[in-house]
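Put together the whole structure using the sequences plus the hints.
When we follow our numbering, the leftmost residue of the sequence shown carries the number 287, and every step to the right adds one.
Treat the hints with caution; some may be incorrect.
Mimicking BS3-like on lysine-lysine, the simulated pairs with C-alpha atoms at most 27 Å apart in a straight line are [stated by the list, open to error]: (1) K401 with K431; (2) K486 with K396; (3) K1005 with K978; (4) K431 with K396; (5) K517 with K486; (6) K690 with K406; (7) K978 with K952; (8) K952 with K1008; (9) K690 with K486; (10) K406 with K396; (11) K517 with K396; (12) K486 with K910; (13) K486 with K401; (14) K431 with K517; (15) K952 with K1005; (16) K806 with K431; (17) K690 with K806.
Don't read these hints as lab results, they were simulated from the structure. Computed from a prediction, not measured in an experiment: that's the story for all the values here.
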Amino acid sequence: MNTPYDARRNSRGGRWLLVAAVGLCAGNTLWAADKPIGANLTVGAAGLSTEAAAQTLQGYNYVLKSGNDGLVESVAIAGENGSGAGNAVAAGRAGEKTPGPQADGATAGKTLMSKNMQGKEAIAALGANLPAVAAAHGMTPERFKEVLEQDATAWIDVTGRMYYVETPPPPQAPELASGTTDTASAAATAAPLDLNQTFKLHSRPGSNRVIYLDFNGQTITGTAWNNYAGKATLEAPAFDLTGNPALFDDTERARIQYIWQRVAEDYAAFNVDVTTEEPPAESLDRSGWTDPSYGTRALITKNVLNCACGGIAYVGVFDYPSTSYKPAWIFYDNLGAGNEKYVAEAITHEVGHNLGLNHDGTTSVAYYQGHGSGATGWAPIMGVGYYKELVQWSQGEYPNANNKQDDFSIIQTHGALVRPDDVGNTTATATTLSGTVSGSTVSIDRTGNIEQRGDVDLYAFATTGGPVDLTVYPAARGPNLDVSAELYDSAGTLVLAANPADSLSASLSTTLGAGTYYLKIDGTGKAATATHPGYTDYGSLGQYRLTGAITQEATAPASLQPPVVVASGSPLTGFAPLPVSFSSNGTTDDGTVVSYRWDFGDGTAANEPNPLHTYSNVGTYTAKLTVVDDAGLTASQAVTVTVAPDPALTSLRVSQVSIGLITVNKVTAAKASVTVTNGKGRLIPNATITGKWSSLVNTNARAISNSSGVATLLSPPTKAAKGTFTFSVTGISLPGYTYEPATNAVSAVSISR
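If you want it as structure tokens, here you go:
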């Protein structure tokens, strides 16, 4: 029978279990403690579930301590029931280690401070560890100290990892409530919303770097944030503007799409997929430093961390092979009650921290709020972007900047590389400007992207002479690109240029003589004036829309024929990620082919005849090659690529088994720890491992792998003086997976006493 006791939490949040364990079974345990208990016993069963320990210790008197996660921290066996032995005094808790920075082997995984700290207190507490911690964050010790001393929002956790607790914005509206740059730009570039696609939006489908905008709510366990909040489980509610968390109405769906548009624009220069569709875990959570697929979750929710902040995020963890320091939190209820611009700016900012960036401030303030007004009112993304229309990445070129980080360089070191160029930047690689023909007028409507400083997009077109009207608009919401447009003739002479001082769009309108011309689109800055400090072209990147009309002959001469296209690829089937070599070899024309464009069917493209492209996600894709000749005639051919899931991702194997002994008061048990991975080496949680103990004891065993892929199985205890404990894995199961025992690194282990 079970003996009842009163429960009491100890001062560190764990619990003690004092039990006379006759007939004790899982689910029937009694929490108890009649006084605080001392600490002097080695922890032998740490990491077991209380249920597993209780099943194993039937028939014994013992004292057991567990944490809030339900796992055993210590256990002491006093003797068998009825032996007369009293319950022993149990141990202190096992040392807790959280993964630390990869860059610092000396401090990784170590507890460096007694609590989370900021400012000079953190500097003093880090002591001799500070240079290594600074290096792990890509900073010199001097710069690291400067950040902590100048920025009250910067904190260091107990493992030496930096995070920022953001000051929420005051109740001040952006300059334009709609968040658009100007009426003309919005009208020209805004596309109608398909609200049914709200949770299927992708900026770069197929990219193996992902920024997931999570508006759906999430349960967070096992992270540094749980330690921060002092809660084993954090329930983050869904984005909700109407008081009905169970349903996203049209207003909320539209708001989500507009927020996504802004964040996608901020990251348009990078080969990352900003998405509202939850990706599979293997596309978001990095399993190791060689895993090419990873990203971060931006969790848009209410303030469940009680931090009086607009957001909170760790620094430099985007590419870190652990979920301990994620997600990045964005608290919409502290951001103008879900204001579109506020929330979007906060998302980009917090993910920027994950990508290694610190705050853009000045010598007197932690956040630089920008300068100027209207369409060219400017602010840095890592400062405060709530109140300016043009918010860009920066390298500290604004007045009194205290942060000279090269944002683009830092972001790339954490895995978000610059995306491939979509349009050629020389006359030899220029993309032919084509459109809808009506009589002698060709109507133009196409989109493009400026990927990096120094990139230009060059378009070629021929005209028989007549009017030409072209306008280039930046993104409708939250543009990063200030457009410069220039028109050149075939000799390279500048014909016309547009770069308005107070607008981000640029228009060219003139009458041309017959000939070939080139349109050059570039990102530009704004020259400083007495009233506006200006900005450089450093962050003037992103999406644009080109519209207008040019004059050509009504029809091509009858003697001219379009190209004959031959498109091929190898291999056209395989497992993800699948690299495919595409070829245009065999393509012919009666003149000269002037451009090649491959649309890979996954949202990416290349302007070269024989590209190599990797498909990261499972699916069937249509890769289309379009060829343009010197007469402006086009032709296309497509090939189908089928990408299947890699069976290694859903296979189960034992990668490691360790075994040890636990001896207390001449009673001995063995503990086997089984590590489960898939065929790619990714640790697999929640798998059921079955096994058998033999030799000295004989019984079957069963356990579930934890978040680290490890299952712990305890043998029955014995008083035998000598003998061998042998543990053999007999099976592993998990829905959707297949156990492949032939691939096990080891299946059985033994230990003798």
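For the pair supplied as a hint, K486 and K910, is the alpha-carbon distance within the 27 Å limit? Status holds; Cα separation ~23 Å.
Given the hinted pair K517 and K396, is their Cα-Cα distance within 27 Å? Measuring from Cα to Cα gives roughly 21 Å; hence the hint holds.
Need the status of pair K431, K517: alpha-carbon distance at most 27 Å? violated, 30 Å
Is the straight-line distance between the alpha-carbon of K486 and that of K396 27 Å or less? Outside the cut-off at roughly 40 Å; violated.
Given the hint that K952 pairs with K1005, test it: the Cα-Cα distance must not exceed 27 Å. holds, 6 Å
Going straight from one Cα to the other, do K690 and K486 come out at no more than 27 Å? Distance of about 37 Å is beyond 27 Å: violated.
Can you confirm whether the C-alpha distance between K690 and K806 stays at or below 27 Å? Roughly 30 Å between the alpha carbons, so the hint for K690 and K806 is violated.
Checking one constraint from the list: CA of K1005 to CA of K978, max 27 Å. Satisfied? With Cα atoms ~20 Å apart, K1005 and K978 stay inside 27 Å; holds.
Does K806 pair with K431 here, judged by a C-alpha cut-off of 27 Å? Violated, because 45 Å separates the two Cα atoms, which is more than 27 Å.
Restraint check for K431 with K396, where alpha carbons must lie at most 27 Å apart: holds, 20 Å
27 Å Cα cutoff - pair K690, K406: Holds - the C-alpha atoms of K406 and K690 are around 22 Å apart, at most 27 Å.
Given pair status - K431, K401, alpha carbons within 27 Å: holds, 18 Å
Checked against the numbered hints given earlier, the structure breaks hints 2, 5, 9, 13, 14, 16, 17 and satisfies all the rest.
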